[in-house]
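This note's numbering applies: residue 3 is where the sequence shown begins, and numbers increase by one.
Don't read these hints as lab results, they were simulated from the structure. From a predicted model like this one, the values you see are computed outputs, not experimental measurements. We put the CB at the ideal spot given by N, CA and C, even for glycine. A few of these clues could be false.
[Unchecked claim] Taking CB as the label site, the calculated pair distances span:
hint: 1; residue 1: 161; residue 2: 37; range: 45 to 55 Å
hint: 2; residue 1: 70; residue 2: 36; range: 13 to 23 Å
hint: 3; residue 1: 126; residue 2: 154; range: 34 to 44 Å
hint: 4; residue 1: 40; residue 2: 151; range: 37 to 47 Å
hint: 5; residue 1: 251; residue 2: 162; range: 36 to 46 Å
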Amino acid sequence: MGWVSVLRIFKARARAHDAAIMHLFTDFFVQAGWPLAAAVLGVFLLAGFVKGCIGLGMPTVAVGLLSMAMPAPQAAALLVVPAVITNIWQMASGGHFRVLLRRLAVLLVTICLGTALGAWLFAGVSDAGASSLLGGALLCYAAVGLSPIKLRVPPRQEGWLGALTGTVTGLITAVTGVFVLPSVPYLQALGLDRNTLVQAMGISFMVSTLAMAGGLAYGGALGAGEMAASALALGPALLGMWAGQGLRRRISETAFKRGFFIALALLGVNLLLKH
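Whenever a hint applies, use it, and build me the whole structure from the sequences.
Structure, rendered in structure tokens:
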């Protein structure tokens, strides 16, 4: 076989591969319908904007809003690619990656263990049950965010509290796709400065996202089609995050957070009443 023939074979295979990838992307729009697909992209634009403004909120906003139109596991699957990329962006800033990795090791390991346990324990939970649990989680998170109480974790207590926090976070992640509770309040209670806290949350969110993706794949909710659809949401998420970061310096972060948590509380109540 000559080089020309070999080259033709490789080109044919490349075209077939590209066509298969494009088919995966277009399947999302065809199966979901253009109105729902447009709504999904709009949700990720908003979720990225919130994350850009306050450094968190993408999974909460995305999964919370999408769960009003689809099962929670499907909403969580759409989150995987945008969450991974934006969390790489977030955890790369701050300059304390190795120090935080050592300090948060117990939390991160138990997040993975808790997510694996939750994927096994809650494998049979109905869509309505998962949606109700998500509503409860959003309501609890909003209550913590609006509370004036400031918690502090003494360094000598970080070991067992980190393990407990990681396990509970993993369990909640497995069933709802939201991984901010109780990990974010715990990280906020460590007394980190703002930039270090944002980086710590990025590391925690990255580990939670990867653990969640493993759980979804184990349950059959994350395949090539879901990954392709998730990749489509990356563009709006990055655009929203860029816009949010640009607006961060011009708005009151305290007021924005208050509005964010009030909106989460209303969304949580809506999901609870829906079922």
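Here's how the hints hold up against the structure:
no.	hint	result
1	161 with 37: 45 to 55 Å	50 Å, holds
2	70 with 36: 13 to 23 Å	18 Å, holds
3	126 with 154: 34 to 44 Å	39 Å, holds
4	40 with 151: 37 to 47 Å	41 Å, holds
5	251 with 162: 36 to 46 Å	39 Å, holds
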